[in-house]
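Q: What follows is the residue order along each chain.
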Amino acid sequence: MSLQKFIEDFEEAVEDIEPNSLTAATNFKALEAWDSLAVLTVTDVIDMEYAVLLKKKDFDCARTVEELYDLVTQVR
Amino acid sequence: MPSLEKCIDDEVDLFGGNEKQIARLKKTIGLDRRRVVEPGTTAADLCETAARRLMVAMDLQPTHIDTVICVTQTPDYSQPCNAAVLHGRLDLPKSCAALDVNLGCSGYVYGLWLAHMMVSAGGCERVLLLAGDTISQIVNPKDRALAPLFGDGGSATLVQRSEAQAQAWFSLQTDGKGFDRLIVPAGGQRAPSSRETQAEVVDDAGNVRSAENLFMDGAEIFNFSIVEEPKAVRDLADYAEVELDAVDYFVFHQANRYILSNIAKRLKIDPSKVPMQTVERYGNQSSASIPSALCGELGEQLCSPGTRRVLLSGFGVGLSWASVLLDLSQLSVCEIVDCTTSD
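Chains as they are written, first to last, in our numbering: chain A, 1 to 76; chain B, 77 to 419.
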């Protein structure tokens, strides 16, 4: 499991994000495209790719893409 | 179903002019059109229209019906039950049993299970199963998370004894710990109606609702759907000793296209076997969504000669989920009719 692939998966999951625009330090909740729909699509991709089903509180706890990645890694 | 159609494209104001958000919802979730009742029309009215059409098509007299079951979470009254009200409107005999089932998304399959058992046990010859809801009337029109999702509908199904040998396998499950994930929090006995419960509140996402409007935790309901539904379908197929490849159609509760395609993907089943257009045309019709898909997308197939192996599965409010695998031989009637306010 690599952080770079996680960032790519995250980017692909959310509509209206420019390719290669996200970094590990991106505050994903500040993105214009971050809404309740993005929560569903990111949840889905992470579950399919990493077999980790995130809950809303997980998104609440993480601020950056890397923090979300760390959380997924810990659960795995 | 009601003839009044609403379209998310016409609701730009609801989304604060954010056309990009509407486009995302259409593309990803599959939101498009829905049918909603006009004031004064209820689920009972929709079910009555369906029942009368069914009775004419089947040349069914009121005296032929032993039991009427009404599945609804939007009854005309807290009491008496909708089934009793409709019993009167349909002139059913006093010997006919009448009861409501207070379930939504899983309710149609629960209703089929009850009707199936009543006929199988020998107590009934014919059970009239009515399933319908007007969820649009309990959603706040300023709730942009929910208002574009839900449509209204009513259905009538006849379950009757026949000489044909047919098996059906049912699975019914509940997780009451999730009761508050999809709920109308106030207006019942737990939190009676008051000025406070009727006061509208704006949530963090800008959705407006009161405690007497429907609330849904979308993320939790999504997680529940993609975890429990595939498992329920696989377990039922195993129990029936049937391969998923041998099922002709998988008719899921029409929650939204994203959830349906996700479930199909996780089950690795052919998407062409999974009706998904019903929700895009008519919205999430709660207990009426499965019969709506049967009559609409599959109506022609189900009324043509032959037997089809069909899996029906409803999931949602409760949390409750129910599935049935059955062989459906040619149906006599399977159609959608419009219910105008003059009906």
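Please keep in mind that the hints were generated in silico from the structure rather than gathered at the bench. Just so you know, not all the hints are guaranteed correct.
[As the list claims (entries may be wrong)] Computed footprint of chain A on chain B; a stretch qualifies when at least three of its residues, placed anywhere within it, have a C-beta under 8 angstroms from a C-beta of chain A:
1) 110 to 116
2) 297 to 308
[To be verified] Sample of chain B residues facing chain A (criterion: CB under 10 angstroms; computed from the structure):
3) 103
4) 341
5) 343
6) 345
We put the CB at the ideal spot given by N, CA and C, even for glycine.
Q: Next step is simple, just say for each hint if it's right about the structure.
A: Quick rundown of the hints versus the structure:
Coverage of the stretch 110 to 116 of chain B by chain A is violated. Counting CB-CB distances below 8 angstroms, 0 residues qualify, and the rule asks for three or more. Here's how the stretch 297 to 308 of chain B fares: 4 of its residues keep a CB closer than 8 angstroms to some CB of chain A, so the rule of at least three is met and the hint holds. Taking 10 angstroms as the C-beta contact cut-off toward chain A, the hint placing residue 103 (chain B) at the interface holds, the least distance being around 7 angstroms. Restraint check, residue 341 (chain B) versus chain A: the minimum CB separation of about 8 angstroms is within 10 angstroms; hint holds.
Below 10 angstroms, beta-carbon pairs count as interface contacts, and residue 343 (chain B) has none with chain A, the closest being about 13 angstroms; its hint is therefore violated. Annotation: residue 345 (chain B) was flagged as interfacial toward chain A, and the flag is violated, the nearest CB pair being 16 angstroms apart, outside 10 angstroms.
In summary, the numbered hints that this structure violates are 1, 5, 6.
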